[in-house]
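One letter stands for each residue in the lines below.
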Amino acid sequence: MSLSSALSIAQSALLATSKQTSVVSRNVADASNPDYTRRIAVVTSTAPGARSVEIQRTANDLLFRQNLSALSAWSGQSALYNGMDQLDLSVNGVDNASSPSTAIANLQKALQLYATTPSNQNLGTSVIDAAKQVVNSLNSGTKAIQDFRTQADSQIATAVDDLNSLLGQFQDANTAVISGTRSGTDVSDALDQRDALLKKISEYVPVSTFTRGDNDMVITTKDGSTLFETVPRSVTFAPSAGYSAGTPGNTVYIDNVPVSAGTGDNATADGKLAGLLKLRDGVASTMQSQLDEIARGLVTAFAETAPSQPNAAGLFTWSGAPAIPAAGTLVDGLAGSIGVNAAFDPSASGNPALLRDGGANGAAYVVNTGGASYSDLLISYGNKLDQPMAFDTSAGITVSSGVSDYAANAIGWFEGVRQQASTNADSKQALAARTAEALSNDTGVNVDQEMSLLLDLEHTYQASAHMMKTVSDMLDALMSAVG
Amino acid sequence: MKATAVSSAAISNALRYQQAKMQADLIKATKESQTGTVADVGLALGSRTTQAVTFQRDLDRLNGIVDSNALVTARLTSTQDSLGQIAGAAQSFLSALTSGVSGDSSTSILQTAGASALQQMTGILNTSVNGEYLFAGTNTDVKPIDDFNAAGSPAKAAFDAAFSSYFGFAQTDPAAANITGAQMDDFITTKVEPQFLGAGWQANWSSATDDQITSRISLNETTQTSVSANEQGIRKLAMAAAMVSSLLTGSISEAAQNAVVSRAQTLVGDAIGGVTQVRAETGLAQQRVSDASDRMKTQVDLFEKHIIDLEGVDPAEAATRVADLTQHIETSFALTARLQQLSLLNYLT
Numbered sequence: 331m332s333l334s335s336a337l338s339i340a341q342s343a344l345l346a347t348s349k350q351t352s353v354v355s356r357n358v359a360d361a362s363n364p365d366y367t368r369r370i371a372v373v374t375s376t377a378p379g380a381r382s383v384e385i386q387r388t389a390n391d392l393l394f395r396q397n398l399s400a401l402s403a404w405s406g407q408s409a410l411y412n413g414m415d416q417l418d419l420s421v422n423g424v425d426n427a428s429s430p431s432t433a434i435a436n437l438q439k440a441l442q443l444y445a446t447t448p449s450n451q452n453l454g455t456s457v458i459d460a461a462k463q464v465v466n467s468l469n470s471g472t473k474a475i476q477d478f479r480t481q482a483d484s485q486i487a488t489a490v491d492d493l494n495s496l497l498g499q500f501q502d503a504n505t506a507v508i509s510g511t512r513s514g515t516d517v518s519d520a521l522d523q524r525d526a527l528l529k530k531i532s533e534y535v536p537v538s539t540f541t542r543g544d545n546d547m548v549i550t551t552k553d554g555s556t557l558f559e560t561v562p563r564s565v566t567f568a569p570s571a572g573y574s575a576g577t578p579g580n581t582v583y584i585d586n587v588p589v590s591a592g593t594g595d596n597a598t599a600d601g602k603l604a605g606l607l608k609l610r611d612g613v614a615s616t617m618q619s620q621l622d623e624i625a626r627g628l629v630t631a632f633a634e635t636a637p638s639q640p641n642a643a644g645l646f647t648w649s650g651a652p653a654i655p656a657a658g659t660l661v662d663g664l665a666g667s668i669g670v671n672a673a674f675d676p677s678a679s680g681n682p683a684l685l686r687d688g689g690a691n692g693a694a695y696v697v698n699t700g701g702a703s704y705s706d707l708l709i710s711y712g713n714k715l716d717q718p719m720a721f722d723t724s725a726g727i728t729v730s731s732g733v734s735d736y737a738a739n740a741i742g743w744f745e746g747v748r749q750q751a752s753t754n755a756d757s758k759q760a761l762a763a764r765t766a767e768a769l770s771n772d773t774g775v776n777v778d779q780e781m782s783l784l785l786d787l788e789h790t791y792q793a794s795a796h797m798m799k800t801v802s803d804m805l806d807a808l809m810s811a812v813g
Numbered sequence: 004m005k006a007t008a009v010s011s012a013a014i015s016n017a018l019r020y021q022q023a024k025m026q027a028d029l030i031k032a033t034k035e036s037q038t039g040t041v042a043d044v045g046l047a048l049g050s051r052t053t054q055a056v057t058f059q060r061d062l063d064r065l066n067g068i069v070d071s072n073a074l075v076t077a078r079l080t081s082t083q084d085s086l087g088q089i090a091g092a093a094q095s096f097l098s099a100l101t102s103g104v105s106g107d108s109s110t111s112i113l114q115t116a117g118a119s120a121l122q123q124m125t126g127i128l129n130t131s132v133n134g135e136y137l138f139a140g141t142n143t144d145v146k147p148i149d150d151f152n153a154a155g156s157p158a159k160a161a162f163d164a165a166f167s168s169y170f171g172f173a174q175t176d177p178a179a180a181n182i183t184g185a186q187m188d189d190f191i192t193t194k195v196e197p198q199f200l201g202a203g204w205q206a207n208w209s210s211a212t213d214d215q216i217t218s219r220i221s222l223n224e225t226t227q228t229s230v231s232a233n234e235q236g237i238r239k240l241a242m243a244a245a246m247v248s249s250l251l252t253g254s255i256s257e258a259a260q261n262a263v264v265s266r267a268q269t270l271v272g273d274a275i276g277g278v279t280q281v282r283a284e285t286g287l288a289q290q291r292v293s294d295a296s297d298r299m300k301t302q303v304d305l306f307e308k309h310i311i312d313l314e315g316v317d318p319a320e321a322a323t324r325v326a327d328l329t330q331h332i333e334t335s336f337a338l339t340a341r342l343q344q345l346s347l348l349n350y351l352t
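Heads up: the sequence lines are chains E and F, in that order.
Start counting at 1 in the first sequence, then tack on 330, and there's your number in this note's numbering.
Start counting at 1 in the second sequence, then tack on 3, and there's your number in this note's numbering.
Any given hint could turn out to be false.
As the list claims (entries may be wrong) - Derived contacts from chain F toward chain E, CB cut-off under 10 Å, selection only:
| id | residue |
| --- | --- |
| 1 | Ser11 |
| 2 | Ala17 |
| 3 | Ala47 |
| 4 | Gly49 |
| 5 | Thr53 |
| 6 | Ser71 |
| 7 | Gly140 |
| 8 | Asn142 |
| 9 | Ser210 |
Everything labelled a hint here was simulated from the structure, so no lab data went into it.
These numbers come from a predicted model, not from an experiment.
We put the CB at the ideal spot given by N, CA and C, even for glycine.
Please take these sequences and the hints and turn them into a complete structure.
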């Protein structure tokens, strides 16, 4: 060993230390970046005394994957729950105030009052007003649901665009990683960027990944369709301009494979796309069917009957009037087209007393020949609202009940799904937060730790510098002795 | 190599997440302690929301029926009252007839008694409550009983026509003095009776319907809540009073008059029995309505209790929760501030 070799060792130590310091400073700078993975400067001895610094990422694949799957579950669940909240407010109103159930209850009350004093025309008019409220609730509910579906549809379109653009960015990041890996340069930044993009992608669709040679990553969805393989696969979707009851929505295709809204109940969704699809085609559609069934039940309950005459639409009428919709069969969009029969409506020069006497569909249907206080028909209408009737099971409610109970059951069905979705959203949010925390703990930066590391480096640097000075002093002493 | 397993971002994020969660909870707890019910019924009950909605709806309906029962009770009370007055009128008519038979009073007094009984009865039967004629059956917008004493009364005309077609002369004709008791009896049975107890009643006297008003008095119970002027008791009273007032004119023979009076006595006796029967039925209906109302009020209380069981929160518990959460959030703020200071940087000079 010679003094010059001591000098060169001290030199290389200084070099290594400064490189380490630069890593520490980078770590500190990105301490609050959630997508940043902590770098470690690993010092390895190559030749005796010579050291090289290698930069490693403290990635944790397992935690990262967990976080990805929690992210997509949370994103899907929260899209689902937020959508349901919106549906709840726009269809049922605050505390169910504008729900068909409330409107039907008011109609029953008005009917009861009218039946007690059938000679009072004002009470008859108030029944018609209550009936208009029912119609209004059903019509505006239908409109709100279909608007919601259209809105969900455009959100899906936006999500698909976002996904395509993310996949495009992913390609750039992936290319950077591959070329960096091949040329042996530090690819940590490119890897960070790629992982950040992967997190964003997994918010839209649940993904699984595998890495091939040269760090080349392939992304597939949980269903198995390829999202990215060397090049991004196209995600396609044709948005619809508007929706009406019973219209199915278009499907999203990833690499020409249709995306399913996921199995399981109405309250579970994995990824934002699945959540939106489930809202558009599941929850909102079922709700619409239930409104349609309520409307059908009302038309049927208030139908005018007469011996040897077909039943004919009474107080509530629809596009197929005077016929009554077939029993137990869903009629799509009935809740949107139901109306109050003009024959009863005083504001359309109708006569509310027809409700008491019958005969809106001609003299054959007149029931009351007695007088102004005939209440039997009114009471029978009230009874029919409570009498069990057949409802289409495809609307999601199988309990046999009368129209007014059906309307209450519809609220129960929806709140059941909403509660489930809320619970799922809460637990998925907690899971996402927890996995993000675990991941951050494992791969993130602790500033205090970096600082203490910096202290160490400072000492090393001082020592090396001191070493150089000492060698220099010794060399100086040698020179002066020689000279 | 990692000495610690905690990152700076995780520390502050965890605090932030907890704070956001607690603040959201605080909003809910505040609302609950203010309203006494859960913040979001749908989320709290899920599928059981149906129950809450149904209870609330039935509660409203029950209250509605209790209110409408008050109307029904008013009608029944007036009916009962009116029937009592009719019975009273019949009773005093009967005592007038009885004294007439014993020869204490003159025929003109009897005739006046008959006329006034008829007038009273007509007046009472034509009572209206809330713009509805009480005794009209369901035909409540038409006056149920024709006024026998008014000019142009079809009932009076029909009666007079029946008399002159049977005997060939009017009641006031002197020839009426020759009518025998048997003839008068036959006239009453064959001509007068059909006018009151047969089809003639609806044609000339009454525009009431036999059908009575039906009312729903509880969620699933209906009952008849009116009395029609077509009841047999009322018809018989009308027949007796009409006979006495238009046959005891003074021109008719005493034998015939006696036949009329004794027939009238029997009829009024029957009428009192009939009206009492109707009063009893009305009383039963009143009883049913008031029972139903009482029952429904109990149900209302029960339903309210159920609704509170379903949707209610313990206000004390909600208030405690608010206090707890406030304290937690304060602690969390203090911790955040402390943790911000807790940095190695502060110790590196």
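Evaluated hints:
{"no.": "1", "hint": "Ser11", "result": "holds (5 Å)"}
{"no.": "2", "hint": "Ala17", "result": "holds (6 Å)"}
{"no.": "3", "hint": "Ala47", "result": "holds (8 Å)"}
{"no.": "4", "hint": "Gly49", "result": "holds (3 Å)"}
{"no.": "5", "hint": "Thr53", "result": "holds (3 Å)"}
{"no.": "6", "hint": "Ser71", "result": "holds (4 Å)"}
{"no.": "7", "hint": "Gly140", "result": "holds (7 Å)"}
{"no.": "8", "hint": "Asn142", "result": "holds (3 Å)"}
{"no.": "9", "hint": "Ser210", "result": "holds (8 Å)"}
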